[in-house]
Amino acid sequence: MSATAEHIARYNFAYLDEQTKRMIRRAILKAISIPGYQVPFASREMPMPYGWGTGGVQVTASIIGPDDVLKVIDQGADDTTNAVSIRAFFQTVADVATTTETGKATIIQTRHRIPEESLTAGQVLVYQVPIPEPLRFLEPRETETRKMHALEEYGLMHVKLYEDIARHGHIATTYAYPVKVEGRYVMDPSPTPKFDNPKMHMSPALQLFGAGREKRIYAVPPFTRVESLDFEDHPFQVQTFEEPCALCGGTGTYLDEVVLDDRGGRMFVCSDTDYCEKRQASASALLGEEDAR
Amino acid sequence: MTDQALLSARSLSKHYGNRIGCTDISFDLWPGEVLAVVGESGSGKTTLLNCLSTRLLPTSGVVSYRMRDGAFRDLYRMSEAERRFLMRTDWGFVHQNPADGLRMTVSAGANVGERLMALGERHYGNIRASATDWLGRVEIAHDRVDDEPRAFSGGMRQRLQIARNLVTGPRLVFMDEPTGGLDVSVQARLLDLLRGLVQEMELAAIVVTHDLAVARLLSHRIMVMKEGRAVESGLTDRVLDDPQAPYTQLLVSSILQV
Amino acid sequence: MATPLVVSELSKSFTMHLQGGIRLGVVKDVAFSVRAGECAVLGGPSGAGKSSILKMVYGNYCADQGQIIVSHRGKLIDLVTADPRTIMAVRQETIGYVSQFLRVVPRVSALDVVAEPLVETGAALEVARARAAELLSRLNLPERLWGLPPATFSGGEQQRVNDARGFITAHPVLLLDEPTASLDRTNGRVVIDMILEKKQGGTALLGIFHDQEVREAVADTVIDVTAFAPEKAAA
Numbered sequence: 001m002s003a004t005a006e007h008i009a010r011y012n013f014a015y016l017d018e019q020t021k022r023m024i025r026r027a028i029l030k031a032i033s034i035p036g037y038q039v040p041f042a043s044r045e046m047p048m049p050y051g052w053g054t055g056g057v058q059v060t061a062s063i064i065g066p067d068d069v070l071k072v073i074d075q076g077a078d079d080t081t082n083a084v085s086i087r088a089f090f091q092t093v094a095d096v097a098t099t100t101e102t103g104k105a106t107i108i109q110t111r112h113r114i115p116e117e118s119l120t121a122g123q124v125l126v127y128q129v130p131i132p133e134p135l136r137f138l139e140p141r142e143t144e145t146r147k148m149h150a151l152e153e154y155g156l157m158h159v160k161l162y163e164d165i166a167r168h169g170h171i172a173t174t175y176a177y178p179v180k181v182e183g184r185y186v187m188d189p190s191p192t193p194k195f196d197n198p199k200m201h202m203s204p205a206l207q208l209f210g211a212g213r214e215k216r217i218y219a220v221p222p223f224t225r226v227e228s229l230d231f232e233d234h235p236f237q238v239q240t241f242e243e244p245c246a247l248c249g250g251t252g253t254y255l256d257e258v259v260l261d262d263r264g265g266r267m268f269v270c271s272d273t274d275y276c277e278k279r280q281a282s283a284s285a286l287l288g289e290e291d292a293r
Numbered sequence: 294m295t296d297q298a299l300l301s302a303r304s305l306s307k308h309y310g311n312r313i314g315c316t317d318i319s320f321d322l323w324p325g326e327v328l329a330v331v332g333e334s335g336s337g338k339t340t341l342l343n344c345l346s347t348r349l350l351p352t353s354g355v356v357s358y359r360m361r362d363g364a365f366r367d368l369y370r371m372s373e374a375e376r377r378f379l380m381r382t383d384w385g386f387v388h389q390n391p392a393d394g395l396r397m398t399v400s401a402g403a404n405v406g407e408r409l410m411a412l413g414e415r416h417y418g419n420i421r422a423s424a425t426d427w428l429g430r431v432e433i434a435h436d437r438v439d440d441e442p443r444a445f446s447g448g449m450r451q452r453l454q455i456a457r458n459l460v461t462g463p464r465l466v467f468m469d470e471p472t473g474g475l476d477v478s479v480q481a482r483l484l485d486l487l488r489g490l491v492q493e494m495e496l497a498a499i500v501v502t503h504d505l506a507v508a509r510l511l512s513h514r515i516m517v518m519k520e521g522r523a524v525e526s527g528l529t530d531r532v533l534d535d536p537q538a539p540y541t542q543l544l545v546s547s548i549l550q551v
Numbered sequence: 552m553a554t555p556l557v558v559s560e561l562s563k564s565f566t567m568h569l570q571g572g573i574r575l576g577v578v579k580d581v582a583f584s585v586r587a588g589e590c591a592v593l594g595g596p597s598g599a600g601k602s603s604i605l606k607m608v609y610g611n612y613c614a615d616q617g618q619i620i621v622s623h624r625g626k627l628i629d630l631v632t633a634d635p636r637t638i639m640a641v642r643q644e645t646i647g648y649v650s651q652f653l654r655v656v657p658r659v660s661a662l663d664v665v666a667e668p669l670v671e672t673g674a675a676l677e678v679a680r681a682r683a684a685e686l687l688s689r690l691n692l693p694e695r696l697w698g699l700p701p702a703t704f705s706g707g708e709q710q711r712v713n714d715a716r717g718f719i720t721a722h723p724v725l726l727l728d729e730p731t732a733s734l735d736r737t738n739g740r741v742v743i744d745m746i747l748e749k750k751q752g753g754t755a756l757l758g759i760f761h762d763q764e765v766r767e768a769v770a771d772t773v774i775d776v777t778a779f780a781p782e783k784a785a786a
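For the record, the sequence lines run as chains A, B and C. The first sequence: position 117 = 117 (the working numbering), numbered continuously. So the working numbering is basically just the index in the second sequence, starting at one, shifted up by 293. So the working numbering is basically just the index in the third sequence, starting at one, shifted up by 551.
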């Protein structure tokens with residue numbers, strides 16, 4: 001063992017101490033029991049700054065076991081700083097297997113995307129949440145927003161959507177698009193594009209949300225209704241893209257714009273790197289077979 | 294006129310420690326009736342208004358309200374959910390400072406439409422039509438529907454606040470110095486508008502004001518408060534033309550003549 | 552049918568709290584009645600208490616003691632002890648009042664000022680406005696003024712608006728406080744005719760008229776208010 005490894009070995013499994021994990025698991029259980037309800041928890045200091053996923057990391061640390069396979073994505077990508085660092089963190093402190101393949105993961109920690117590939121029963125999706133309160137920017141008083149949740153007073157949420165239509169002619173909110181969970185709590189799905197909202201509805205996977213700075217955990221249990229708020233005459237719609245992915249040629253996925261040069265060159269590619277790579281691989285395999293014939 | 298009161302207060306008191314906010318206030322308010330509560334600042338008018346409108350828990354006493362189903366309910370024995378529902382459907386509250394009663398950063402249309410959305414209205418076109426209609430009724434031009442109240446004058450803001458409160462067709466409106474801080478011509482317009490709406494919608498209202506001219510113009514009855522107590526009450530013109538209590542006589546004699 | 556208005560043992564004084572609590576007696580033991588179709592006139596010099604009596608009958612002034620009995624909705628009601636709500640109902644249906652001065656409401660047109668009491672009794676706005684227009688033209692108020700708020704009108708114009716407002720309803724009791732004081736002879740004559748019509752229609756009228764000619768034209772009885780003078784009361 002290297003000197004570093006000896007040093008690291010003194011950490012408890014998955015970094016957090018067992019009492020903390022128990023506390024967070026209780027919060028998670030409560031959150032699962034009351035879908036969409038924000039459960040306060042005693043968020044710990046983590047070895048990373050707020051805004052880098054301290055909430056998601058604590059949730060993952062509390063549910064991960066030695067047999068789990070972890071995938072971490074940041075805006076859909078497995079290879080960006082945040083994803084790489086968090087994956088490395090759990091490799092070190094929990095010694096778990098990691099993967100970039102959606103289908104092979106048991107836990108997927110995500111910053112602002114839901115994988116394109118359908119999730120399956122038994123998988124857990126852990127969201128990193130910056131601001132859990134969907135009413136925050138309309139009603140700054142926490143005492144008041146809690147009351148509004150308790151009494152199911154959600155008129156204000158529609159005020160926001162009304163404003164969108166009044167200003168832009170359509171609901172212009174494209175991410176952190178508010179949803180109603182199991183017909184009761186209005187929830188912020190974290191800053192995922194609204195493109196992903198339909199994936200939350202009746203998902204076979206368990207969805208957990210952790211906000212470290214704001215000290216809140218909430219959850220959507222498997223097979224739970226998740227409805228995006230809208231108006232009868234302005235129904236909810238997801239983004240559509242005119243062109244297919246420039247790399248894999250796929251349609252019906254969420255695309256990122258990549259600027260190529262300073263002369264206006266750009267391309268649109270899948271934001272989900274794993275999905276895109278798989279399609280590219282199978283396409284080239286298909287080509288290879290054809291070449292072989 | 295119906296035979297039953299809409300709102301009844303009995304021995305209502307609010308004490309702040311040893312200090313009296315208001316004490317031993319009793320009265321009945323009937324549908325369509327406007328009661329003015331007058332007195333100088335610090336006399337307990339606003340404390341009383343807040344105790345009546347469930348915005349401030351009284352120390353003792355009872356406030357009961359006749360619900361739309363005809364049943365009398367003790368406001369402070371209702372659940373908070375019921376009280377809040379009452380406040381945004383059957384009641385209105387017009388603040389002296391419109392910024393306290395409006396959402397300053399959302400459009401006029403959304404300010405008026407909020408109560409409808411809170412009641413479950415989910416058709417944008419209908420909400421907007423109601424909002425526009427109400428802006429017209431409070432004399433705000435239709436093309437201001439998407440402007441934020443921040444861009445409105447004081448008088449317009451106050452009219453917007455009134456529209457926001459009345460869109461659900463409430464039966465009772467509380468007003469705290471609704472014309473305070475407005476210049477005279479704007480005030481006259483607002484008073485006239487309020488008078489018309491009160492008559493047309495058969496609104497009952499409790500209006501707190503220190504301005505006896507406002508009380509004379511708007512109210513049927515008047516309650517004069519001093520140091521937390523009601524020192525005189527009665528028909529508005531009777532109290533103002535033939536004041537009985539020493540304090541009322543002082544108030545009336547202090548009116549400036551133009 | 553009950554006598555529409557019966558006043559007995561009525562007394563009024565003012566206590567001036569701001570002047571050390573001086574009590575000023577106004578009238579004492581006032582007693583009279585007005586029958587349907589009768590016009591009773593309160594007579595006496597200025598300061599005798601005529602206006603105070605009229606205001607007490609309208610519920611505008613408090614009385615120290617006594618009774619003011621009116622027949623309201625077939626019941627006898629004592630206005631001295633009635634609660635504000637009852638007085639409001641009585642004013643709406645039973646006792647009308649033509650005051651000497653108009654209390655102007657900003658921005659309300661003359662036509663609507665006149666129509667208002669009729670609207671309050673439940674009449675449709677168009678009906679009330681048509682009736683108001685009739686009265687205003689009868690009182691020779693130029694039509695161009697009807698749509699304007701009366702705040703800027705001359706004294707005579709305001710009084711005509713006031714008179715029209717008082718005469719528009721069919722209240723069984725009508726109180727008149729100098730309805731012709733600011734009017735010229737022609738319009739004074741119109742008001743006299745209107746009073747005579749009310750009498751024929753069975754209204755009980757109680758009024759104050761300083762104008763000898765008007766008084767003689769309308770009065771059935773003159774009530775001498777000096778008879779109700781209080782003895783000089785001590786402070």
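What the hints contain is simulated information worked out from the structure, not anything from laboratory work. None of these values were measured; they are calculated from a predicted model. For glycine and all other residues, C-beta sits at the position ideal for the given N, C-alpha and C. Some clues are possibly wrong.
Unchecked claim - If you anchor each label on the Cβ, the simulated ranges turn out as follows:
(1) Val238/A x Gln492/B: 44 to 52 Å
(2) Arg695/C x Ala444/B: 13 to 21 Å
(3) Arg303/B x His201/A: 29 to 37 Å
(4) Thr240/A x Glu432/B: 22 to 30 Å
(5) Lys147/A x Arg695/C: 16 to 24 Å
(6) Asn691/C x Ala444/B: 30 to 38 Å
Claimed, not checked - Taking lysine to aspartate or glutamate and the DMTMM-like style, the derived pairs with C-alpha atoms no more than 20 Å apart in a straight line are:
(7) Lys160/A x Glu441/B
(8) Lys160/A x Glu373/B
(9) Lys750/C x Asp771/C
(10) Lys147/A x Asp296/B
(11) Lys626/C x Asp296/B
Worksheet entry | Contradicted hints - numbers only | Hints 2, 3, 4, 5, 6, 8 and 10 not satisfied by this model.
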